[in-house]
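Per full-length UniProt numbering, the sequence shown runs over residues 1 to 285.
Derived by calculation from the structure, the hints in this document are not laboratory data.
One should not assume that every hint holds.
As a list, the in silico DMTMM-like pairs of lysine to aspartate or glutamate whose alpha-carbon atoms are at most 20 Å apart [unchecked claim]:
hint : residue 1 : residue 2
1    : K161      : D148
2    : K144      : E106
3    : K129      : E106
4    : K232      : D193
5    : K207      : E94
6    : K142      : D193
7    : K179      : D193
Restraint ranges, calculated between C-beta atoms of paired labels, are given here [what the hints assert, rightly or not]:
hint : residue 1 : residue 2 : range
8    : E106      : G160      : 19 to 29 Å
9    : V230      : R132      : 16 to 26 Å
10   : T103      : E138      : 24 to 34 Å
11   : V230      : T196      : 43 to 53 Å
12   : V241      : F261      : 20 to 30 Å
13   : T209      : S130      : 33 to 43 Å
14   : K144      : P176      : 18 to 28 Å
15   : K91       : G140      : 17 to 27 Å
Quick caveat, the model's predicted, so the values are computed rather than measured.
For each residue, glycine too, the CB sits at the ideal point set by N, CA and C.
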Amino acid sequence: MNPKPLPRTTSLVLPKSWSSDREGLIQQYNISICISTFAFAVVWSYCGMEAENPNVNDTSIVTNPDDGNCKANHMEDNRDGTEEDDFTFIKGVEELGKISFTTLTEEQVMMFKFADLEVAYQFYNEYVKSRRFGVRKEKGGKIKGSNDISWKLFVCSREGKRDKKYDNLDARKRLPRAKTRCGCLAQFRVYVDSNTGGRKVVKFYDKHTHPVLDRKFDGMLPSHCRMTEVDKGQMINMKKVGITIPKMFRSFVRQSGGPQFVRFRKKQLFFIRCEGKETAMLMQH
C-alpha cells in the first residue's frame, strides 16, 4: 500500500523530536519570511521610481572647467537681446592680426561676426593655435533651394574615432598608423545671420579631452602647416640665386623668431619648383 503524498506547504517542517518548540519556531519563521518579503518589495519599488524619475539636480555631474568635462565650457547662442553694435565684425583675414587670441574669453568669441566662412575658419584656426591644438572642417548645411551654405562646423583635429574595422585587417602589409583621434568634443559652429548676411557664432565648446601640444610643436599641426604666397615668393627668389634649402629654412626661422613660429616644415621647401614666373606646389601638408 502506497503512502499518501504530503500536501505542499511553505511552512518549515521540523523533526518530531522538536515537537516541544515546533509550533513556536514555525510561527517565528513565517513572520520573518513575511517581513523580509515586504522589505524587499519596498526597496524594489523605490529603486524603480528613482530610475523612472532621476533627480535633475544630481551633483554627480562634474562642472569644474579644469576636470576635462567638455560641458563646463559650453557656450550657445542666447543673445536675442544683444544690439548689433555690440558685435565685432571681421571683414577679411588681414584684420585677424589685430586680435589678441591668447587673451580671448568664451564670451568674447561669441560676440564676433565674419564676412564669410573662410574668414570664420581662419579666425578659429588662429584661436586654436594659441590654445595649441588643430582644427578640421566638418559637416555643414545649405539653404533650402540654393547652394549657399547656411551653417558650418569646425571641430578639433582629434574629434571622432577611427573605425574598428581598420584595426583588424587580415591582409595588412604595413603597420597600422598611430591613433590620433580620441573623440574630443571641442567645436566651433557658425551660422548665416539673415539680417546682415554675415556669419555669427552659435555654438562654442572650448574644453578638450586630451593634452595639448607643447608650444614648440604648434607649427607641425596640419591646420597650421601652410605656406603663404609671400613665403613661396621669397623661397623662389632665394632658390634662383642658389641658396640651399637648409639655409632658406634657417632664414625663415630667424624672420619668424623661432622654429615654433614658422608656418611650414623644412621638407615642404623641397617640393616647390620655379619655372619662370609660374610656381607649382607639388605637395602641401
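* Asked: Does the Cβ pair V230, R132 satisfy 16 to 26 Å?
  -> Check passed, 25 Å falls within 16 to 26 Å.
* To do: Return holds or violated for the Cβ distance of T103 and E138 against the range 24 to 34 Å.
  => The hint (24 to 34 Å, Cβ to Cβ) holds, given that T103 and E138 are roughly 27 Å apart.
* With a cut-off of 20 Å on the C-alpha distance, tell me whether K232 and D193 pass. => Violated, at roughly 36 Å.
* Asked: Per the hint of 33 to 43 Å, is the separation of the Cβ atoms of T209 and S130 within bounds?
  -> 19 Å, violated
* Regarding K91 and G140, is the given constraint of 17 to 27 Å on their beta-carbon distance met? -> 21 Å, holds
* Given the proposed pairing of K207 with E94, does the C-alpha separation stay at or below 20 Å? -> 28 Å, violated
* Asked: Is the hinted pair K142 and D193 satisfied, with a Cα-Cα distance of at most 20 Å?
  -> The given pair, whose Cα atoms are some 13 Å apart, holds under the 20 Å limit.
* **CB-CB spacing for G160 and E106 relative to the 19 to 29 Å hint** => Because 23 Å falls inside the window, the suggested range holds.
* **Restraint status (C-alpha distance of K179 to D193 at most 20 Å)** => 38 Å, violated
* Asked: Lying within 20 to 30 Å: is that true of the beta-carbon distance V241 to F261?
  -> 25 Å, holds
* C-beta pair V230, T196: status relative to the range 43 to 53 Å that was hinted -> 31 Å, violated
* To do: Take the C-alpha atoms of K161 and D148, compute the straight-line distance between them, and say whether it is at most 20 Å.
  => Violated, at about 30 Å.
Going through the hint list in order, the structure does not satisfy hints 1, 2, 4, 5, 7, 11, 13, 14.
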